[in-house]
Amino acid sequence: MPVPHVSLSGVTKVFPASAGGQDVHALGPVDVEIGTGEFFAVVGPSGCGKSTLLELIAGLLPVTDGHIEFEGRRIGDEIPDGVGVVFQEDACFPWLTVRDNVTFGLRDTAFDAQVRARRVDAAIAMMGLLEFADSYPAQLSGGMRQRVCIARTLVAQPRLILLDEPFGALDQQTRLLMGDEVLRLWRETGATVFLITHALDEAAMLADRIGVMSARPGRMIDVVETGWPRDRDSRIVEREQFGAITSRLWKTLRDESMKTMGRMTTSA
Amino acid sequence: MSRVRLYQVAVIAGLVLLVEALCVGGVIDKVTMPPPHRIAVDFFKLLTTKTLYPEIGKSMANVLIAFVLAYVLGIVVGTALHGYKTLRDTLDPLFATYYAIPVFAFYPLFIVMFGLGDGPQVLIGLLLGIVAVIVTTLNGLDRVPNVLRKTARISRLTPLQTALRVTLPFCAPYLLTAAKLALAYAFIGVIGSEFIMARSGMGYEIGFAYTNFDNATMYPLILLILLMSVIMNSALSRWEKVLLARRGQQ
Chain A
0 MPVPHVSLSG VTKVFPASAG GQDVHALGPV DVEIGTGEFF AVVGPSGCGK STLLELIAGL
60 LPVTDGHIEF EGRRIGDEIP DGVGVVFQED ACFPWLTVRD NVTFGLRDTA FDAQVRARRV
120 DAAIAMMGLL EFADSYPAQL SGGMRQRVCI ARTLVAQPRL ILLDEPFGAL DQQTRLLMGD
180 EVLRLWRETG ATVFLITHAL DEAAMLADRI GVMSARPGRM IDVVETGWPR DRDSRIVERE
240 QFGAITSRLW KTLRDESMKT MGRMTTSA
Chain B
0 MSRVRLYQVA VIAGLVLLVE ALCVGGVIDK VTMPPPHRIA VDFFKLLTTK TLYPEIGKSM
60 ANVLIAFVLA YVLGIVVGTA LHGYKTLRDT LDPLFATYYA IPVFAFYPLF IVMFGLGDGP
120 QVLIGLLLGI VAVIVTTLNG LDRVPNVLRK TARISRLTPL QTALRVTLPF CAPYLLTAAK
180 LALAYAFIGV IGSEFIMARS GMGYEIGFAY TNFDNATMYP LILLILLMSV IMNSALSRWE
240 KVLLARRGQQ
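Just so you know, the protein sequences line up as chains A and B, in that order. Numbering-wise, numbering that gives the first Met the number 0 puts 11 at position 12 of the first sequence, and it's gapless, one number per residue. Numbering-wise, numbering that gives the first Met the number 0 puts 29 at position 30 of the second sequence, and it's gapless, one number per residue.
No lab work stands behind these hints, which were simulated from the structure alone. In this text, a Cβ means the ideal position worked out from N, Cα and C, and glycines have one as well. A couple of the hints might just be wrong.
Stated by the list, open to error - Distance ranges between label pairs, derived from CB positions: (1) B/Q7 x A/R115: 45 to 51 Å; (2) A/P15 x B/L72: 49 to 55 Å; (3) B/D141 x A/R73: 31 to 37 Å.
The following block holds chain B by itself, in its conformation from the complex (with noise of 0.2 Å):
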């Protein structure tokens, strides 16, 4: 294990034990937070009682359709603006000041769109992460040198090959940094809006535990969205790490 690796563990050990004396010292009170060994035991019932397991699995499936399409659709349109600059300027604004629109605030229309199934979870996931990986791709597009363009040219490519045979896999580490984005919005996108307005998955069933003051369920799966999210990045990170290697870049 390395040096940083053995610090990064010692710091999350460390708050735990934090966290672990405050709640046993009663400085943070039981109906707030049991403490982390109590919620360890019932992370460990979820996982082996199985009850929840539609509801974790049907958020999850929509977690990784909102990354999917949000990811696939925003690398083929940000490939597609690149060789556009006027139609690029012209939405940069947009891009520039997308974040500041609160994609939440659409959730009623949505739902008048969609009904209440899932896509209006999904849409407001794909919609939170597109703009990230549009841009992304589009920052990967503007680094690719000027000389690999000409080869894929001698060789003769088309526009649509050197997309896939040139440009994109150079920027592979910025499209792996979008696959970062795009994951961690639709976390949030999916799992925020079964908050607001939706009869099950993990963020209902959080919102539920919530109310009816059931920390045995809130926070396990607090831990479980925390720990899956944590894990897909790490993988992600993994793989880039790899990339970047072979590139002589890290």
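Just chain A, with the same shape it has in the complex (with noise of 0.2 Å):
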């Protein structure tokens, strides 16, 4: 187990009650540590509380109970320094070019004109954007649009990248070269990468570790290691282990899954 980046220790969320409703208790206690460097997936069935855990981990939400340390400081009520947060949702500004929206990344960060253009350029080309740094989000792919905001969250160097189903909305070709990428940014910045997805596939061809959360309130119920190396791209998806680890996630996935199902049946 590498040294701990970022650890979890009693991680509660309770949203309070709306008007004549009850409380929500969404999530935990959820204790895991990730280490530095380290690609950690979770997976978990609908409405488990995989993105609020994201968004807890990232500051936009405040923890109920327990506590979040990243680089050994508490996560409190302020945004850490040094995290970036991949969206699921398209989140480019349509009135910027690419090469804006990659520079938005950089706005507060006092770095030379000259710096900030060489990362910028450095941050598309990464990205394979370059031939269309001067266009519009409205002239690009959903794909692209989605590698703008990983070269707007890459530009700023973050030593932690939160991923919340970053692939969520788009085709499985697309989804598997995309995960190459990742991979790829991964392996060349370093950072520790925390991703929330709902493909058990995608989890298995891209995480180091892979934790599996329980249905409402989500608790980690697993933590599968995948062994995988870290010089790898989607073609692991052709080994037997490949097979072995999504069949795993699914066995502990399945009851989970039904639970929702049920809750959900119920409900409606």
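With the hints as a guide, dock the two chains, each given alone in a separate frame, to form the complex.
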């Protein structure tokens, strides 16, 4: 186990009741440690609190109980420094060109114009968007727009990258290719990656370890080590071990997903 | 020229020709309205003789001040209000019924408060426009995707930076609609109040010409107001089109 970069201890989230309703115990308690430079994925049934967990780590939501530490510092009310997030939804700014979108990631950092331009160009090039640098998001495909968002996150050189189902809106082929891109960036940047996904194959292909969450309130019921080498790409889906990992994930998740389905049927 | 634009020009040309025919044929008498070709000649004279330039300049300056104040204050108030749901809910009935209030009825009060100068005219233009800007700004801010707000937070922007760099730029098309409304209301407020109780300005000159049967002054001034309003609104519409095209919305 590498040195913990992010650690969650007894993390619980309860959303207060809306008018006439009851408090919603969305998550926890969750205890997990993620090593520096590790690629950690989380899978779980719909509504188990995966995205809530990511937002707690990002500092976008306060924890109800427990605590989260990033690089030894407790995450409180403020967004921690060195964290970048890529969301599932299209987060491109439609009024800015690709270059300006990526530059936005550097807004408040004290670099001179040349260094900024170099870093922006490097991030754009890394995502293969150089020839579209002056295009607006509306002129790009969904996959390209997601790459713009990744470039905007990378340009700030975060030490922890949080990915909230970043390929959820993409087709299967694009997802595999984007997975390769993410693996390449993970190797090149050395950042710790925390990926939320509902796709078991995606988690099995990308992660070093996969946390499996229970139905709501989400808890970590299993952590699966993939044992992949750091230098890997989407071709590992052809390996026998890949099938074994996804089937273990599914075995653990099936009952939890059934619980969620049952809850949905009951509430319907 | 696009087909739609061609139809627009054809409709306007057709209406002008119809009025021309009605005037020349005597259906509309000369005292009521001179034929459009006569108005065009008088309009050209108005522009070349320059005698009314100070009046035009004064009215335009007041329209501009009323517009800028309504627009800037409206955006500031709308943005601030968006963060306070209870206050917004409290004010919503006022916004909904605001345009049922005849602002011009307060003109005597404004004169008592601000005198006979430009103040009351600007204030009426401002009061007419500001609520339209507030409501349109709120409407635009309601449509900012939550993911963009989260992105702003992750970028550690302050609320002011978030407004200036993320939320207001996102609703730029709405803000342009607000600008068109504010401009229209500024024209109505300023020119309208010059009609009622002022000693100068285009509205006053139109009213003065009307009471003296001076069609050679009245119609060219009306045409000038019409042209300026149309040109400014068209420029804003064109800008709006460019913004929407960039976002793939047209």
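These are the hints, each one checked on the structure:
| no. | hint | in the structure |
| --- | --- | --- |
| 1 | B/Q7 x A/R115: 45 to 51 Å | 46 Å, holds |
| 2 | A/P15 x B/L72: 49 to 55 Å | 36 Å, violated |
| 3 | B/D141 x A/R73: 31 to 37 Å | 35 Å, holds |
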